[in-house]
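Student: Protein chains in written order, with the working numbering: chain H, 8 to 313; chain A, 222 to 517.
Treat the hints with caution; some may be incorrect.
[As the list claims (entries may be wrong)] Here are the computed distance ranges between Cβ atoms for each label pair:
| no. | chain 1 | residue 1 | chain 2 | residue 2 | range |
| --- | --- | --- | --- | --- | --- |
| 1 | H | S146 | A | W425 | 52 to 62 Å |
| 2 | A | Y232 | H | L153 | 23 to 33 Å |
| 3 | A | V372 | H | L38 | 21 to 31 Å |
[As the list claims (entries may be wrong)] Over 12 Å on every C-beta distance to chain H, these chain A residues come out as not near it, computed from the model:
| no. | residue |
| --- | --- |
| 4 | K272 |
| 5 | D285 |
| 6 | G310 |
| 7 | P334 |
| 8 | P339 |
| 9 | H374 |
| 10 | K389 |
| 11 | F429 |
| 12 | G464 |
| 13 | D477 |
| 14 | S491 |
| 15 | I499 |
[Claimed, not checked] Derived list of chain H stretches under chain A, where covered just means 3 residues or more per stretch with a C-beta under 8 Å from a C-beta of chain A:
| no. | stretch |
| --- | --- |
| 16 | 97 to 104 |
| 17 | 250 to 263 |
Since the hints were derived computationally from the structure, they do not count as laboratory data.
Ideal Cβ positions, reconstructed from N, Cα and C, are used throughout, including at glycine.
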Amino acid sequence: MVEKTPILDTFTYIFLMIGILIVGFPIIYSLIAATLPLEDVSKVPMPLIPGDQFMVNMREAWTRSDLGRQIFNSFIMAAGITIGKISVSMIGAFSIVYFDYRLRVVAFASVFCTLMLPVEVRIMPTYEVAANVLGPLQSIWNFLHLNTPVSWIAGHDIELNLNWSLLDSYTGLTLPLIASATCTFLFRQFFLTIPEELCEAAKMDGASPMTFFRKILFPLSKTNIAALIVIEFVYGYNQYLWPLLITTNPDMTTAVIGLQDLIPQADDLPEWNVALGAALMVMLPPVLVVLSMQRWFVKGLIEKEK
Amino acid sequence: MIKRSTYKSGYLPYLLILPQILVTLTFFYWPALQGLIQSFLLSDPFGQSSKFVGFYNYIELFQDPLYLKSILTTLTFSIAVASVSMALGLFIATMANRALRATALVRTLLIWPYAVAPAISGILWLFLLHPSYGIVALGINKWLGADWNPVLHGRDAMIMVTIASSWKQISYNFVFFMAGLQAIPKSLIEAAAIDGASPFKRFWAITFPLLTPTFFFLSVMNIIYSFFETFGVIHTVTQGGPGGSTNILVYKVYQDGFVGLNLGSSSAQSVVLMSLIILITVLQFRYVEKKVQYTG
């Protein structure tokens, strides 16, 4: 800066190091714990010199709660949410920004209203919808007494029974969480900053709307898409309440939920080395994604919220 | 807002917006409507029949001491999480902004807890603050002379979930404060320095006021985070206990609805939560955005 402040600079670096240490401490400590045998990890205080049981603990954690399967499920869920959200909201924003049609404002307003409301606030009825996605249709059908006219037209009695349960399925893990306005809003904001001339030129050259989307809009949005991939992947992978409710089959559980079974309870053996080893493994994929795509992530995070 | 040059095409725009509308209707509007209806109904214990009871569920709710306690718990918890994580995030960001040479490295070292699931953050801190094995708990007992036991004492349990929830959020706040700090024109700071303002004076007179938009935005985001996403922390660490001392609103909705199967009350709670969030959002858009200073 302008003046020299050697004392303050020293303190800056000292505090910064303390800060980084505090933030990193839980991980370093868990890493050490994951390398120790059971008798060392249950010592008070635990020795701070890493042991040699790392692979043993990791293998134990891996097999005990079927971690491979669960991490795979988490991956599917995260990927489904990421791809679903981005594609649904990108074409939605394209429709809202680049077309002029009668229900445009209604469509935008109805999506925008869901902006800040996470799935947690409407958890119970959303669960009911997931238990039978066609339930809403059935209710409308029953409400309008459509059985009567349809039976009359067909000439015999018709009962409509719509049933499609999303419980314990990948669709159930992903589809309900795609309903979010944040991405649509972000793409809308971004599309609005794209110069008018691009669209005009494309039109003059006779490009159809979809060609314009594919050849111009999509390439221009690549950075935004990369940023959203990081954010939505982390969001999807770390979901808790929704997968907790919607999956009962152990084969469909996600990794973050599965960890719960490994936490030593009061009368178990205090196998914290295994539990923490599993926790470290489970958190590795999103941490790697964030670290490797850091630049886009920071950009995306800041733009998403503005 | 719409582009000046737009396409006019019969069915295409409808087709493009259809997936979004369908998903929103099925998983947002329909459940929200159902929740609203359900909150005015009282079901029998077997879920066979239900009857309209008006505001009965709401009246019961606000007369229930457990619910009122849960509101208080949530407020304490969210304010604690927001202030702890924002104070630390701002502090570290200010330091990192001064350490010009190492900014990129510092960012890498601080950013990753964002990717850690709240539930996992809960597990890590559960171990560190475990009354019989935790090293931090040991330190608290030894140096502060406190009788640390989050399994028995409500206050300790609250401190534990607050730490676990704030730790993860520090990096989020750090990223935003860092961006806010870097957006402040260097010339302002330099001018003040030439006028003889000390680094601390500059921080309070220039940097801090210019950060108010970031500050308000982050307050809202942190409060929303501690209202909902911390469910994972509560579920892994305390399950709302001991004695309901960490039973925040969203956890109570879950417990009453899915464990206690009290549909009416759970729906009424959801509606209250939803209204609360809408209120916060509207306040943010209407009031806060106008009152704060913008850099330009």
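Student: For every hint, state whether the structure bears it out.
Tutor: Going through the hints against the structure:
1. H:S146 <-> A:W425: 52 to 62 Å: Given about 59 Å between the Cβ atoms, the range holds.
2. A:Y232 <-> H:L153: 23 to 33 Å: For A:Y232 and H:L153 the Cβ distance comes to about 26 Å; the hint holds.
3. A:V372 <-> H:L38: 21 to 31 Å: holds (26 Å)
4. K272: holds (18 Å)
5. D285: holds (18 Å)
6. G310: Given that some Cβ of chain H is not farther than 12 Å from that of A:G310, nearest at about 10 Å, it is violated.
7. P334: Contrary to the label, A:P334 does not stay out of reach of chain H, its closest Cβ about 6 Å off (not over 12 Å).
8. P339: violated (7 Å)
9. H374: holds (16 Å)
10. K389: The claim is violated: A:K389 sits with its nearest Cβ about 10 Å from chain H, within 12 Å.
11. F429: holds (17 Å)
12. G464: A:G464 is indeed farther than 12 Å from all Cβ atoms of chain H, at 17 Å.
13. D477: Given a closest Cβ separation of 9 Å, the condition is violated.
14. S491: A:S491 not clear of chain H: closest Cβ-Cβ about 6 Å, inside 12 Å.
15. I499: At roughly 8 Å from the nearest Cβ of chain H, A:I499 sits no farther out than 12 Å, so the non-interface label is violated.
16. 97 to 104: Holds, because 6 residues of the stretch 97 to 104 of chain H bring their Cβ atoms closer than 8 Å to Cβ atoms of chain A.
17. 250 to 263: holds (count 3)
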